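Visitor: Taken in sequence, the protein lines are chains R and H. Mapping of the first sequence onto the numbering used here: position 110 corresponds to residue 111, and the numbering continues sequentially without gaps. Mapping of the second sequence onto the numbering used here: position 297 corresponds to residue 1560, and the numbering continues sequentially without gaps.
Hints listed in this document are in silico derivations from the structure and should not be mistaken for laboratory results. Being a predicted model, the structure only gives us computed values, none of them experimental. The beta carbon of each residue, even a glycine, is placed where N, CA and C say it ideally should be.
Taking lysine-lysine and the BS3-like style, the derived pairs with C-alpha atoms no more than 25 Å apart in a straight line are:
(1) 320(R) <-> 73(R)
(2) 1416(H) <-> 1456(H)
(3) 264(R) <-> 1603(H)
(4) 1364(H) <-> 1392(H)
(5) 1420(H) <-> 1392(H)
(6) 1430(H) <-> 1420(H)
(7) 320(R) <-> 258(R)
(8) 1314(H) <-> 6(R)
(9) 1603(H) <-> 258(R)
(10) 1276(H) <-> 1314(H)
(11) 1276(H) <-> 6(R)
(12) 1456(H) <-> 1468(H)
Beta-carbon label-pair distances, calculated as ranges:
(13) 1346(H) <-> 357(R): 51 to 59 Å
(14) 17(R) <-> 1268(H): 27 to 35 Å
(15) 17(R) <-> 1612(H): 22 to 30 Å
(16) 156(R) <-> 1526(H): 52 to 60 Å
Which residues of chain R face chain H? A partial, calculated answer using Cβ under 10 Å:
(17) 43
(18) 309
(19) 346
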Amino acid sequence: MFSPKEYQDIEDKVRSGIRLSREDGIRLFHCTNLAWLGMLADYARQRMCGDIVYYNVNCHVNLTNICTSRCKFCAFGRDADDAGAFAMTKEQAVALVRDAMRDPHMAGLHVVSGLHPTWTFDHYLDILRTLHETFPTLYIKGFTGVEITHFVEISGLSLREVLQKLKDAGLQAIAGGGAEILSDRIRGELCPKKATADEWLEVARTAHSLGIKSNASMLYGHIETLEERVDHLLRLRELQDETHGFQTFICFPFLPKHTELGKTVRQTSAWDDLRTMAISRLMLDNFRNIKAYWVMLTVPVAQIALGFGANDIDGTIHKETILHDAGATSPRALQEDTIIRIIREAGRIPAACDCNFNILHVFDGSEEERNVVNGN
Amino acid sequence: MATEEEILTARAKASAGERLTLGDAMALYEDNDLLSLATWARAAKERASGKNVYYTVNRHINLTNICSSNCPLCAFQVEAGDARGYVMETEDIARVLEQAKPIRGLSEIHIVSALHPDKPFSYYENIVKQVHEALPNVAIQAFTPVEIVNFAKITGKSVKEILTILKADGLSALPGGGAEILSDRVREIICPKKATSAEWLDCMKTAQELGLQTNASMMYGHIETVEERLQHLITLRDLQDETHGFQAFMLFPFHPAHTKLGEEYHLQRTGSWEDMKMMALSRLILDNIPHVKAFWVMLTMPIAQLALGFGADDLDGTIGEEKIIHAAGAKTGSGITRAKLEAIIRETGYEPVERDTYYRPLTSKEEPVCD
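Between the sequences and the hints, there should be enough to build the whole structure, so can you do that?
Guide: See the structure below:
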């Protein structure tokens, strides 16, 4: 196959299953042959996890946008007295989910919120427990490493105790957000008030040791260098070697609209998004899944990303809030049949899964498929 | 369904840069290996135009949206008497030309319009003269074969006579639109009243014989079969073997919003996967057409940029006001600056080349003052 000669050694490594080095990763970021990058990532994807593409029929629950952290890349966070600030009551959260439950395939919740200045850990726990008890059939994935670090601070409990209490209240997996770039230089500039790189990693490590799986992510396209992107991937890969507790990796291109940082930073191109996806697939050789998060990438780019290493396209979402505050132009929700069509057009097999990648339905041409596609 | 052997044969030919048959194209389509198609299309692009990616500074003028053709595929046209109808007269054109004049590097005025039920041929002729007089050094790329065939019908003249007159008035080139799918089965459903496949092809052949520059296109993603799509490309390639008159090929994914066709057949916009696949397949099949355009107004800029990795070598222009595709719900902005276009091209590792209508590189690199 065609490949730029200068990258032949990297291609050979990938095809022989040899781990790529930091230097390899940096070189890949300077390769402009997007088709070759995609092909290599697609090869790695095929070998790692075959042709199934996972998605969720899910509902996002953002309990509050009132946040003490106020990161420069965020368009969602507000002060308590700002216009547009909201904090859901337990009843409001239940009502939101009840509305989402009108979709007969609704399978689970993604609960991510601001760091509320006055809510106690018990308050969060109470909402979590209520959601779990009210909707026992729904899985609950939620709370990023940043929120969990915040819970440790406000509760006086140990990280292990916080995680155990969340697990006991019904939490089944931890969300991948808040990793941003795991570099204290970047975090010092963009989000100095929240969990440090080490703290974020420690939440994942401890959760994994308690049997709680989590996701990982990278927010890129702001002030980070390409080397810092690679280093970020390496830190995740290192921890994954140790725990094997990460399930999926999500690339978040920074959406600058309405953020403080957006005054000086332009949005990434689809070209950058796809090469970053491909390089992430190649570097994270111990992650089974790579997510193309359509809310940020847009649906067209997320679909093409399925050829650049992704095998997870996130979910129907019901009503996305956080990124639409940052000017996301994608729809706020996708119909399940749209997701199925997108995956099929890419020649892959759609599978609805829960937050731990257990398959709930696979659309491989069986009888069940027809029932689901017909909307039963 | 293609056999395994047919797929392997087609892949080997595509990889070696050999000419593909309809059967090969069908096998590659079914194989659905997007990244291999991209790799081969990239090689084909580099054989055709090296590291160059072209763009041009142009302005679009849509003279009228009042149309006697009433094609089910169209969201632009309205019937006479409709409140949304408009016709640009001499004064309106003069205003547009005044605005266009100071644009440095302006190389082309692109005019595509509806088939107005009452306007005589002299109306169109006069506009070509007017544009040519105001901007003598700017190429006029105007009137698809569908419009030219209509001029022949309303005047009783031959297509050759019409094209000869327009050329004398200052016409330089015909845009590639109106080809849709060159299958009369398909045209009977999507655009029954306009030029047939044979008329479209004959018009292009005649234009090419008269020394007018021409482009070709395909509008896909409606009611055509995959075979009809790929046969369309082969048909264009056959004519090109004979005439070598087409400079560029454009793909138009069908925008179903606000069209009768979309409503009647419950059509959805093709996915970007399909769009990139068709981009790469077009580059591979059309081995004798020098350029493939990623028309960003239709594709959106992110996807048009990606298309440069799937065989395209031209982003078209810094377009002024485009109305036809926006009427069908395109959400793209209607203009872009030279600096932005160049940055978008450079990111792909290719070299931006500002061109004229004939794909001659231009040296002037000043920013257009209007943008």
